[in-house]
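K.L.:
Heads up: the protein sequence lines correspond to chains A and B, in order.
If you count the first sequence from 1, position 182 lands on 181 in numbering that gives the first Met the number 0, and the numbers rise without skipping.
If you count the second sequence from 1, position 143 lands on 142 in numbering that gives the first Met the number 0, and the numbers rise without skipping.
What the hints contain is simulated information worked out from the structure, not anything from laboratory work.
Do not take every clue at face value.
[Claimed, not checked] Cross-link-like lysine-lysine pairs, in silico, DSSO-like; alpha carbons within 27 Å at most:
id: 1; chain 1: B; residue 1: LYS236; chain 2: A; residue 2: LYS121
id: 2; chain 1: B; residue 1: LYS10; chain 2: B; residue 2: LYS145
id: 3; chain 1: B; residue 1: LYS236; chain 2: A; residue 2: LYS214
id: 4; chain 1: B; residue 1: LYS145; chain 2: A; residue 2: LYS121
id: 5; chain 1: B; residue 1: LYS10; chain 2: A; residue 2: LYS116
id: 6; chain 1: B; residue 1: LYS1; chain 2: B; residue 2: LYS109
id: 7; chain 1: A; residue 1: LYS121; chain 2: A; residue 2: LYS214
id: 8; chain 1: A; residue 1: LYS116; chain 2: B; residue 2: LYS236
id: 9; chain 1: B; residue 1: LYS109; chain 2: B; residue 2: LYS10
As the structure is a computational prediction, the values presented were derived from the model and not from experiment.
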Amino acid sequence: MALGTRTEEKKPSRTDRQPSVIRLFWRSTVGKKAVMAVSGLIMLGYLVAHMMGNLKIFFGADEFNAYGHWLRTMGEPVLHYSWALWLVRVVLLLAVVGHGVAAYQLSRRDIAARPDKYVHRKRRPSYATRTMRWGGIILALFIVWHLLDLTTLTVNENARPGHPYENVVATFSTWYGNVVYIVAMLAVGLHIRHGFWSAAQTLGMGNATRDRVLKTAADGLALLLTAGFLSVPVAVMTGVVS
Amino acid sequence: MKLNLRIWRQKNADTPGAMATYEVDGISSDMSFLEMLDTLNEDLILRGEEPVAFDHDCREGICGACSLVINGDAHGPERTTTCQLHMRSFRDGDTIDVEPWRASAFPVVKDLVVDRSAFDRIIQAGGYISAPTGSAPDAHATPVPKPDADSAFEHAECIGCGACVAACPNGSAMLFTSAKVNHLNVLPQGAPERETRVLDMVAAMDDEGFGGCTLTGECATACPKGIPLPSIAAMNKEWLRATRKVRR
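Next comes chain A alone, as it looks inside the complex:
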């Protein structure tokens, strides 16, 4: 039986060499996408907390400013003043850098994999899907602006350190402050709409029966976050918050 088969030593498979987990992830398109998914979900979680914190502005200057102060004292007395906040910042920075670098490298690869375009072009993917890359770049630029505007107060005229409520009002009293913010929040909504659902697929949580739930959750999150964030500039513009 089986006279025709040779029992040759199998050449070692790629996985026999056992690269480190980090290398394995970073070298693979699937692994790198998983890095993007996890870092994206970390940022998404932060955005939910950030949006809910923003809504405290509707309860007046005292409560909002006290909340801003609490962000620095949270974790005390176990942690020193503002350590918890810095911890959050470090995690976010890692997430942003990981997400951005992976996106850049994967995009370069994707563009190289399709060098010749079709003469007969069709546009079919949804707007959110098509704008992931440019949307991501817009968001990265917005983060820089947002930090200079409301964290370091560098570009915010009339800003006073330690008075976040007044600074927010100052930002949204300028036309450019509103325009930049509104564009960025629409971009974040679109990015989350495709990104949340994509992250679920990348992490292997998607399947045919769960697809509808995941898509609805992505749309709901996108809508909720965009609406929540936009309510603040709208409130300042209409004079509800002043």
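Given chain A's structure and the hints, the job is docking chain B onto it.
P.N.:
Leaving out everything else, chain B in the frame of chain A:
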């Protein structure tokens, strides 16, 4: 039917190509798209011109040899293979654009023929099972739960035509690779190589220069065999599982 065709003509891999315009007359709506191209080629041969090169084999929609991006759609407007696409899907006087699969991993060989051997190398990396040869085992020797058998069969339908790569804006082979991985990974026969299969096939896929997945869903829309988009999520799950398992 009379048709205006704009077809990608390229002498060989090293020569740049371009779209060329042809007119064909006397096309029956019952002809397949490939028969229409045969008609054009007969005309071209009679006129002493070089016929249009295109891949085809069984012409029954089961071998995966035919390709062609027709009016921007891989395999044309119907959800089937080009050989099973009939001219009744077009109207008299239509202008039809015919292009080869576009991906750096699928270089053009000539005209509409591309080199799809990258798929073969992905299969070689793990698209097989280790089984003793000899007489066929009893059909009920290895019980397979019905949902698993159905899932394996759904993925086994992949004919490796490459429409997924052609349709993907990133030239990604994720749908093809996921069909092949899931087909064997859900079955007990595929269990011994479950982890190495997915890791090796994904690595081979990356080595061939295919792009990554951005979940645009274009692949599953183009697939003539209806391999579903969640296949990709299932392969991602297998890959992540394998990275944990294979190290123990």
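K.L.:
Enumerate the violated hints, using their earlier numbering and listing them in ascending order.
P.N.:
Of the numbered hints, 1, 2, 4 and 8 do not hold.
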